Amino acid sequence: MAPSTQKHAKQAPLQLPGGFTVVPVQFSQSSTAQHYLYVKEHRVRAEGSSSRPLDRTLFVLNVPPYCSEQCVSALFSDCGAVESVELRERPGPQEHTEPELSQYFRTPRREGFSVAYVVFKKASSVAAAKKLSPATPLVLSTEQQPIRTGIQKWADQYSAALVDTRQLQAAVDAYMLEHDRRKEEAAQREAEAEGADGEGWVKVSRRGHTASRPHSEPANHRALEREKRKRARKELMNFYTWQHRETQREHIAELRRKFEEDKQRIAVLRAQRKFRPY
Amino acid sequence: MKLQKKTKKTKKKEPAVLRPQEAAAVSDPSVSDDGREDEQVVGGASVKRSRPQVEVLEDGVLRPVKLSRGELYKPPTTEELNTLRETESLFHCSLLKMQMEELLKEVVLSERRRRLIDTFVQEVTELLQDVPHTPDTELCDQSWLPKGVKVPFLQVPNIVKGRFHMAPPASVSLVGSYPLGTCTKPHVTVDLAVTMPAEILYPGDALNQRYPRKRALYLAGLAHHLAPQPAIGSLRFSCLHGNRLRPVLLLTPPGKDSSNVTLRLLPCPPPGFFKPTRFHPQRNNIRSRWYTGLSTEDADFKEPPTPHYNSSLLGDLLPLPHLNFLSATAAHCPAFTASVALLKVWLRQRELDQGYGGFSGFLGSMLVAYLLSTHKINNMMSAYQVLRNILHFLASTDLTENGISLSKDSDPAAPSLPEFHSAFQVVFVDPSGHLNLCADMTASTYKQVQQEASLSLQFWDDPTLDGFQVLLMTPKPLIRSYDHVFQLCGLVKLQSTSKKLGLLSELMDHSGNYVLTVLPYLLSLLQRGLGARVHLLTHTLPPTPQWAVNSDPPKHKDQPPLSFGLLLNPEFSATVLERGPPADSPQAEAFRQLWGGRAELRRFQDGEICEAVLWGGKTACEKRLVPREIITHLLELHADIPESCVRYTGGLLDEVIKVRRESCSTGEEDSLQVVQSYDDLSRKLWRLEGLPLSVTSVQGAHPALRYTQVFPPVPFKAEYKCFGKVKKSGFLGLYLLLPLTEKPCPVYITPIKVVCHMEGSGKWPQERMAIRHIKAAFHLRVAELLKKEHNLVCQPSPTHLDVYKDGLVFRVQVAYHREPQILRETISPEGMLCYRDNPEAQRLEWETLHRTYLTSTLHGLQQQHPSFGAVCRLAKRWVGAQLLSGELGDDAVDLLVASLFLQPAPHTSPCSPQVGFLRFLHLLSSYDWKNSPLIVNLNGDLTGADYTEIKNDFVAARSSLPVMFIATPKDKKMSVWTKEGPSVQILQRAIVVAAESLQVLETQLMDPMQQQDFKVAFRPPLDLYDVLIHLNPKQVPLHSQAVDPPRFTYSRGALHNPSLSCKSLPVIDFNPVDRYLAELRAAFGDLALFFCDPYGGLVITVLWKPQAFKPQPFKTAQMNARRVEVIGDEVHTLPNVEAILEDFRVMGAGLVTEVEPRTEKWVI
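If you read the sequences in order, they're chains A and B. Note that the numbering used here gives residue 243 to position 243 of the first sequence, counting from 1, and the numbers run on in steps of one. For any residue, its number in the numbering used here is found by taking its place in the second sequence, counting from 1, and adding 10000.
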């Protein structure tokens, strides 16, 4: 391993751009190589959401692929009690999660290196985490909380992926019920808007009778095409002398264009020495 | 430092073809060249015109031509108009004309070389004038010859009467192609006729090889005289067109010019020395008493005719008259030389012009002269038209039946055409009327010429094909053109064959060359035996030997093996039963005689009792080799050639796709079983009652359903003790098996994808999430119904439904035809409904639309071409073994192979897996991927106009399209199959590896001397990778499919007893290697490429990406698996290689045995 890293690891915390500090981690006690987590306090002004409180959230870069939320939580528990951990593929604002989706329909997280937002119970823990000693690496897979990887993990994944049909049916039914309800509500709102209000006024909307203009792109396109065809039908071809001349000119131009194209092709082939038969 | 070195190395790996900068460097000189040519063509106006070309050529990529309005519409000159008109009316397009011109430029001799030849000829002529006289001796007494030179003639029998001495030649003159101007590169040979002085010959010398021997002695004398001269580079003996009666002396100039030209000295008698009537094909010029040494007492004994001997001698008399005749013809026809040159290129690409009995360039010139004399072509035609007419003539005229003659005056002494036909197989009489120019040609060779000509015409007329490439630029070696190839080794055995066939007089005629004597008889024997099984049986021409002047001429037995090629007729070639004539018919005797002990009487279904032969073979792979059984049987029975001498290469490559190594099957039967089971399932799905919507289509979307799965799924029964078990709640109530980590990884079971479209209806929701839920509900419902009505084991999931049926697992996926459209919907700010393409929609369309279409079309293709599946599987096995299958997808390979069948030009559709595979390698390695789309005309749905459209679109959008572009009727613009890969580098690697594999395979298959290990082509070189991850065979479920099968295998919980019924769902689609690879790619895809053989590979190879290893500034978004390094004041990040290697081990715990870094390559 490059000695320079070792050197700066022993020095006082290295100042990285953006105020990150380095926290080495290794997979197990017996590991010889370390990954480096880069941590800093979470500080995005635009974001004021409740799940990432500005003072208590630690932002962690380069979390290895085998680390789960529990694992990250255990890793930083030395610095103070952890309230929640959010693992993300790349840093960014919080996604609008769809809470109504059941486990069967959520898109799975891509397995790779991730970033973590660790929310502590106390604000002081963030500072503690930033002061973690770079000399002694943290251990990810401990006796108490072993990380399952490889064959074991895949076997677990396989059995977890087997669906319980009854639960799946229930999830589908629940969602569809909700979906129907939403649709009904929307229809009702629509109908209310259309119908006469309390004073007898009727709101005239585009949904009433035949559409005045196309509302989708293909329909729009079709209408334009129709117009064009109509115009083309009226035109006379090769009627006037100038039209005839024009056609002839076009023909020669076409021949020329083809000639040029072929010449270019030949030139390219010749450049690649494609004319040696053997 | 070291890293830099490494990046350099990777650069070196990619040759110029696809690298823009280097291609530009190559093209530079031609830019100026082109400008010059331009001026010639259109005169003064060209200066402006050449501008677009300069832009275009910078990177060797075709771009749409942009011409300004002024250039396009300016008034044309008359000259230009004429050029444009001519190209339009005479050629398909001007491209062809220009291509031919370019080709001719490549093959004609340059001025410099002509000067070189002229001076060399001059020197040799002068040297020949002072050949010293030697004392007159007996012909047999060759003691006057010095030690350094041997007589270039096999003198059997040794004793012959006559006297000989050396003397300077009477005259020396140029003959043949060089003075005629039809001499072409490469291997420029210039013929020099050396007329022997009349004083050393006697008119009676035509008898008993006296003249040929004098000729050989004279040549030896010349060689002795020329050898010490400084003006001569090297001296070798050879013989004219492989004819051992006509030895020649090959001279090359000294120094570096030696490879430029070869001078051939042909001794010949003075003009008119022998009377041509002596050499009538029915006269005898070799007395059997002299030849055999036995005197016959029989008074009525008639000496047999010696037509081949006669024509050899006659040929020596005529080179000058022939030259005069051809020069006179060429003088009137301006395109004569160009058309002969084109014809020579055409012949050479088909390996027809070299060797004994070939269709030489001289014959080509004579043919042009014949067509001119019969007004089939006229003097004003262009070379292009002449070539077309020649091919048309060859295709439509059978010279084996109706010979042609150039002789005008009917000389009563000259033999008639029927007389020629009785002596020779192919007849084309020269202008003198005495010589058959095709005397040595076998009927098979002529049939091959005919077949090639008619094929070529067919390709030429096809507007979708590049005729020029196909006809003149693509070589057609035997091994790649013919479905099955076999070789006769140990030609010594043919000696006994000639005895067995009773060919003594023919042997005398061929002066003891038993190989040439026997060849026509073997060919007709095999042709009779193979009958309708083959379209064409052909052989390579026995090559012309060359030997040093100080060594004896090679013996007949030292000839290289004879190769034969079979063009199979797929309809009959694999038939096991050969039905002969009825038992009581007169032909039955001939049938029995032909097949010997194998013929037997059989009663057929129509009640008739016929002679028949039954060949062995149960599986498709054995049946494909029936021709081999026939050939070995016939050769052994009739020609005394033992099986060990026949080296048959038809199914050697089958080994790597054999399903179960012990049984002799290459999986066709398994595929059929899968398809039958699928058909049954699809019927059941159609008939399901109680679904809210009806099923509109059930389509397969898996290679196994089009016979192209490398190792087709085999029925599986679980051995319970190898699995864990779990029962999930639900209406199905069955046990689901689970993999156990402490046992070897269970058998891998491929889920066979089936797409089931439901009818479109207003009941479908119009929102993407809701559609997904409804589909899940359908899966549940179908599972319930299948369980209830057919008692099938099913396991639904949100995205699919697994059905365990007949030991196979089908993965049914319900689809709604409007779903991709709904995924594309977006509402624009103005409230208009727009459709915007996105990857999710494309993915879905690819799965439910394109794949099903491809599967059904290729299934149809398999029905037409029975070997299609096997070729695909060989190709995919190779791609997998070369670790490329991650990038070059299964479907793309299937399409590449399909193109070989749909557009086989210049060959015919392959009928054996081996030849198909070789052509696949050739296609992959030689196709111009950069500048042309590969158009696969599935179902023949594309017309000529579509082709042009696809090509134009391709050129217009080249830079944004995939590197490997494959267009199909349903996908003209996107190339959906190669979108994800291969990348430029991987394609380049594939091209290199394919070229290498092709070369190795072809030499191994054609060279009987070499050790047979064609699996070399299936073993990838591992030295260029940075890290190797070795896997534990115990956890690799497909380990037994490896190219080199393992010696022992693990028990993976499969029972081969089909009687047991299994009511538990097996472990489906569980392959630790795949999962490991997916994890690796997800985690380290930015840093490295991972390669693995999906069919039982035990090693994953890793290649670092050079750009990821450059120091980068610290960026929050790009810190994955990197560490920080401070250089000076700046903070840089580099990949944390040690930790990554550790991660390889950690993530593959239980699967990985060793991570082997090639340290010298990556340490920073």
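No wet-lab data here; the hints were simulated from the structure. Treat the numbers as computed from the prediction; the structure is a model and nothing was measured. Do not rely on the hints blindly, as some may be mistaken.
[Claimed, not checked] Computed Cβ-Cβ distance ranges for the label pairs, DEER-style:
#	chain 1	residue 1	chain 2	residue 2	range
1	B	Leu10081	A	Ser216	47 to 53 Å
2	B	Glu10840	A	Ala170	46 to 52 Å
3	B	Pro11045	A	Ala170	28 to 34 Å
4	A	Ala170	B	Tyr10720	27 to 33 Å
5	A	His221	B	Asp10941	24 to 30 Å
6	B	Lys10979	A	Asp156	31 to 37 Å
7	B	Leu10691	A	Gly200	24 to 30 Å
8	B	Pro10064	A	Lys183	58 to 64 Å
9	A	Ala170	B	Gln10676	54 to 60 Å
10	B	Tyr10720	A	Ser216	44 to 50 Å
11	A	Leu236	B	Asp10928	54 to 60 Å
12	A	Ala170	B	Gly10831	53 to 59 Å
13	B	Lys11015	A	Ala170	53 to 59 Å
Note that the Cβ used here is the ideal one computed from N, Cα and C, for glycine as well.
For the hint 53 to 59 Å, verify it against the beta carbon of B:Lys11015 and that of A:Ala170.
Cβ of B:Lys11015 to Cβ of A:Ala170: about 55 Å, so the range 53 to 59 Å holds.
Distance restraint hint 46 to 52 Å, applied to the beta-carbon atoms of B:Glu10840 and A:Ala170
With Cβ atoms ~27 Å apart, the hint is violated.
Hint says 58 to 64 Å; check whether the CB-CB distance for B:Pro10064 and A:Lys183 agrees.
For A:Lys183 against B:Pro10064, whose Cβ atoms are near 50 Å apart, the range 58 to 64 Å is violated.
If you check the beta carbons of B:Pro11045 and A:Ala170, does the distance land in 28 to 34 Å?
violated, 49 Å
Falls inside 24 to 30 Å, the C-beta gap from A:His221 to B:Asp10941?
holds, 25 Å
Can the suggested window of 54 to 60 Å be confirmed for the beta-carbon pair A:Ala170 and B:Gln10676?
violated, 38 Å
Range hint 31 to 37 Å (beta carbons of B:Lys10979 and A:Asp156) holds or violated
Taking Cβ atoms as reference, B:Lys10979 and A:Asp156 lie about 34 Å apart, which means the hint holds.
Are A:Ala170 and B:Tyr10720 spaced within 27 to 33 Å by their CB atoms?
holds, 31 Å
Range agreement (Cβ of B:Gly10831 with Cβ of A:Ala170, hint 53 to 59 Å):
violated, 38 Å
Outcome for the supplied range 47 to 53 Å, where the beta carbon pair is B:Leu10081 and A:Ser216:
Between B:Leu10081 and A:Ser216, where Cβ atoms are some 50 Å apart, the hint holds.
Can the suggested window of 24 to 30 Å be confirmed for the beta-carbon pair B:Leu10691 and A:Gly200?
violated, 48 Å
Between the beta carbons of A:Leu236 and B:Asp10928, is the distance compatible with 54 to 60 Å?
violated, 45 Å
Hints 2, 3, 7, 8, 9, 10, 11 and 12 from the list above are not met by this structure, while the remaining hints are.
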